[in-house]
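On the provided structure of chain F, position chain A as indicated by the hints.
Protein sequences, first through last, are from chains F and A.
Under numbering that gives the first Met the number 0, the final residue of the first sequence carries the number 316; numbering is consecutive throughout.
Under numbering that gives the first Met the number 0, the final residue of the second sequence carries the number 261; numbering is consecutive throughout.
It cannot be assumed that every hint is accurate.
Unchecked claim - With a straight-line cut-off of 20 Å between C-alpha atoms, the simulated EDC-like cross-links for lysine to aspartate or glutamate are:
1. F:K240 / A:E184
2. A:K195 / A:E68
3. F:K272 / F:E197
4. F:K315 / F:E216
5. F:K310 / A:E246
6. F:K310 / A:D244
7. F:K315 / A:D253
8. F:K240 / F:E216
9. F:K272 / A:D112
10. A:K224 / F:D139
11. A:K250 / F:D210
12. A:K50 / A:E91
13. F:K315 / A:E241
14. F:K310 / A:E257
15. F:K235 / A:D34
16. F:K315 / F:D220
17. F:K310 / F:E239
18. F:K310 / A:E241
19. A:K250 / F:D139
20. F:K315 / A:D1
21. F:K254 / A:E241
22. F:K252 / A:E257
23. F:K235 / A:E257
24. F:K235 / F:D210
25. A:K224 / F:E40
26. F:K235 / A:D245
27. A:K250 / F:D302
28. F:K254 / A:D34
29. F:K254 / F:E216
30. A:K224 / F:E114
Since the hints were made in silico from the structure, they are not lab data.
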Amino acid sequence: MRDILVLIEDLIDAPAELAAAARCFGDVQTTAFVSGGTESEHQMLAGLFDCVKVAPAASDANWCAEFLCAQILPLLDSMQPHLVLMHHTNNGLDLAPLLAAKSDRPMLADCISLESRENGVSAVRTVFGGKVHARISATDSATGYFATVRSGAFSMPEDTATKSGSIVALPLIETAPRRRFIETITPEAGAVDITQSEILVAVGRGIDDEDNMEIVEELADALGAELACTRPVVDKGWLEKSRQVGTSGLTVKPKIYLTVGVSGSFQHLGGIKGGPFMVAINQDAAAPIFAAADVGIVGDLFDLVPLLEEKIRERKG
Amino acid sequence: MDIYVCIKRVADTSEVDIEIDRTGLALTEDDFSYDINEWDNFAVEAALQLKEEHGGKVTALTVGIEDDEEVLRRALAMGCDEALHLSDPCFEGSDAWGIAQILSAALKGKPLDLLLFGTVSADEGAGQTGGFVAGLLDLPMVSLATSLKVNGSIATVSHEVEGGLERVRELDLPAVVTVQTGINEPRYVSIRGIRKVSGIEIPVSGVGDLGLDPNQVGASGARVKLEELFLPPQGQSAQMLEGSDDEIIDKLLDLLQENGGL
Chain F
0 MRDILVLIED LIDAPAELAA AARCFGDVQT TAFVSGGTES EHQMLAGLFD CVKVAPAASD
60 ANWCAEFLCA QILPLLDSMQ PHLVLMHHTN NGLDLAPLLA AKSDRPMLAD CISLESRENG
120 VSAVRTVFGG KVHARISATD SATGYFATVR SGAFSMPEDT ATKSGSIVAL PLIETAPRRR
180 FIETITPEAG AVDITQSEIL VAVGRGIDDE DNMEIVEELA DALGAELACT RPVVDKGWLE
240 KSRQVGTSGL TVKPKIYLTV GVSGSFQHLG GIKGGPFMVA INQDAAAPIF AAADVGIVGD
300 LFDLVPLLEE KIRERKG
Chain A
0 MDIYVCIKRV ADTSEVDIEI DRTGLALTED DFSYDINEWD NFAVEAALQL KEEHGGKVTA
60 LTVGIEDDEE VLRRALAMGC DEALHLSDPC FEGSDAWGIA QILSAALKGK PLDLLLFGTV
120 SADEGAGQTG GFVAGLLDLP MVSLATSLKV NGSIATVSHE VEGGLERVRE LDLPAVVTVQ
180 TGINEPRYVS IRGIRKVSGI EIPVSGVGDL GLDPNQVGAS GARVKLEELF LPPQGQSAQM
240 LEGSDDEIID KLLDLLQENG GL
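The shape of chain F in the complex, shown without the other chains (with noise of 0.2 Å):
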């Protein structure tokens, strides 16, 4: 029977993602490495997996890409998986790519389906922002192969946790880590707590210039909602970082989520849960957030938005 390896991070609670993923392959024996964690997250993981190897935490008890290099190898070497799988997320970005290079394995980057070959692996994964998609394949490699998964895109039936996996302690391997964790930063509470609000107006890099954001801010007012934003706006300095919805920002809940310039990036629409009615405004028709909203118009939104708030305004009265 096959291997697969699933490398479970510290930060993001979806290793039944990684547990669906591997099914793709069909009858496997799985295994997950944990570095760190508690007793009930190993049992956890265990009705999810056929095995869990526990490493011990890196002295500094953070994720470090070097030292769960030094941990992972070793296992790599003796287990022979046919795949490792992660997620790509922040953390995936930064241990992947060097743990594929070091063992040698093709790697699948981000990946929204997988498939079993014969003489190796399929996936789908998404170019060009989302825009098109890529099916691509490895094959016959005598190495294995390495891939990483996209948050969200592949779910467990209801059947979920019924394995009653073994939990093993591996033995910690030693390194003098060329890079070294200092401290964690949480980013200073904005004026305003977003995560709160039922309705958000989230303004992305189609809003062009920072004199168009009073579009979007009477827009908002008129709604009686929060400004959002996506990466861009915050990088451009027109928001502040707690305005930002996205994987590397905030997660929010709204019931309306209405997007105004907004391409629709896996990053940007991985902090919106909770299901909210979406409308997107954007002039781009092939525009990946139209799959993901509700409502969509495509047209300019320097029309369309001032239209919107005054409408809202004699509505309301």
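Below, chain A alone, put in the same frame as chain F:
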């Protein structure tokens, strides 16, 4: 300090209609404009700021066809001291692993303190190349850097982790850092600035100069093959509102009202 920064020329597909060509493996490129990958532009600026503070030399590298030289010229106009174009017909069709092989071969044995990449590219978006090169050259790495300082033989880097948090790390140099957008404000490049460097001869290295086996790179050496490009299935897409602006907005208001948004 000897700083190398690896950059890529990419097509801007954000506001054009995308069409897949007859091969099914590439886009029809009629209306594309090309520029330096956005993340790489921040990486070049980060390299230049370190040079301005500590002295030394910044070299920009790219792997690609003749037209890709324009991003190297742009990097020179920004203030890079040297550029190196890694170009050879047999590089064509390289996957990220092949690109990493080419870059590693070019960098091996060079005096190097810091090697910078943009974290991802706007076209492929896989974020692999920097990590592959770090693995191949056995250098420590940090990805998604949001600040970068150097003190002696140690770099202090803060970088994005999950949940909007950042972590601060120390790295022993030489090291690889992949740069996130927003780390700095990349300087403006004027047409005059580009013209000033137009006479500089940019050296080109090919497969033989780098001591690479042609089967290691290009389409034949690719470990990950592109089988097809296709437009995303339109299955669960939005209800599109159409009509005059007035009609559209009226419909939207009705829908907002139904969903408790007014």
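Practice problem: Hint by hint, work out which the structure violates, then give me just those numbers in ascending order. | Solution: 9, 11, 12, 13, 17, 19, 20, 21, 23, 25, 26 and 28
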